[in-house]
Structure formats: structure tokens, C-alpha cells
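Visitor: Read off the chains here:
Number of protein chains: 2
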Amino acid sequence: MSQVHVFTVEMTCEGCSNAVKRVLDKLGDQVTDVDINLNEKSVHVTSSLSSDEILEKLKKTGKEVKYIKSSDV
Amino acid sequence: MSQVHVFTVEMTCEGCSNAVKRVLDKLGDQVTDVDINLNEKSVHVTSSLSSDEILEKLKKTGKEVKYIKSSDV
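So the sequence lines, in the order shown, correspond to chains A and B.
The opening position of the first sequence corresponds to residue 291 in the numbering used here, with each subsequent residue numbered one higher.
The opening position of the second sequence corresponds to residue 291 in the numbering used here, with each subsequent residue numbered one higher.
Simulated from the structure, these hints should not be mistaken for laboratory data.
Take the hints with a grain of salt, since some may be wrong.
No copy labels: a pair is met if it fits in one copy or bridges any two.
[As the list claims (entries may be wrong)] Here are the simulated SDA-like cross-link-like pairs (lysine to any residue), alpha carbons at most 20 Å apart as the crow flies: (1) 347 to 332; (2) 350 to 300; (3) 350 to 297; (4) 350 to 312; (5) 347 to 312.
Work the whole structure out from these sequences, hints included.
Guide: Right under this line is the structure:
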């Protein structure tokens, strides 16, 4: 079952948001949609992975990451 | 034996360079010095780790990384 997981990621330029996107894209089929809003520093990830698993990946970018919430699709 | 490993990392703002710094800082005692030049997109890492090990860590940031060279300290 997929959920939409929402995170706040400290992104300040398109280089930042592209890096986040690239990390999530590497998760392949386990992630079905990624929606990044640079101004709001928000990242929505539709995935069969748990929020913790995605949080771990996002932290590897070296950026400050905060988990906000998950909702059923 | 420590070496200085040089990489080019696609960094476009201080958020980018801080993220790179944070990832390298997490390597603890294995890294003795980090010198990042945002304008030149260069990252100098003084470390007992191999260039490949550092390259792997840098790639996890989601940024484009290119290995340049290593020199003895």
C-alpha cells in the first residue's frame, strides 16, 4: 500500500531540490511520485516505503530534514 | 596514511556546500580536514579513507560528483 509522506527539507536553490529529487529517483519503483516545492521547502513522496526508510535516504543528502506526516493515497 | 582527495561537486549555494560538509563531518576521525570552495565547486578532503569510499559518500548527497586526484599529505 502506498502512502504520501511529507517532509520539510532545508533547500535553498534548485541545486538543492534537484539533489533531493535525484536521491528519491534512485529508489526506483518503490517511489511512484515526488513533488518538491522549493519555496515551501516541502517534499511529498508517494511510496510503498515507510516514512522512516525515506527519512534515512533524505538525511544522506546532508540537508536538515523533518518528517511532517503520512496520509493514505 | 592520510591523503588529500580532490573532487568537483555541483554546488550552487551555501545550502549545497553545507550539505556536503555535513556528510563529510559524519565520517568522524577518518576525515581530518575538509576544504570546500563554492565558487570553484571544489572539495578537498584530507582522510585515511580511499577516494572511492569518499566518492560513495559524496554521491549520496544527490549531487553530481567527479573525482579529480589524490595527493600524499
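Visitor: Give a verdict on every hint.
Guide: Hints, verified against the model:
When the C-alpha separation of residue 347 and residue 332 is checked against a cutoff of 20 Å, the pair qualifies only within one copy, where the shortest distance is 15 Å, while the shortest distance between copies is 24 Å. With identical chains, the CA atoms of residue 350 and residue 300 are at most 20 Å apart both within one copy (13 Å) and between copies (16 Å). Taking CA atoms no more than 20 Å apart as the test, residue 350 paired with residue 297 passes in both settings, with 14 Å inside one copy and 18 Å between copies. Taking identical chains as interchangeable, the C-alpha atoms of residue 350 and residue 312 lie at most 20 Å apart whether they share a chain (12 Å) or sit on different chains (9 Å).
Proximity of residue 347 to residue 312 under the C-alpha cut-off of 20 Å is found in both arrangements, the shortest distances being 11 Å within a copy and 15 Å between copies.
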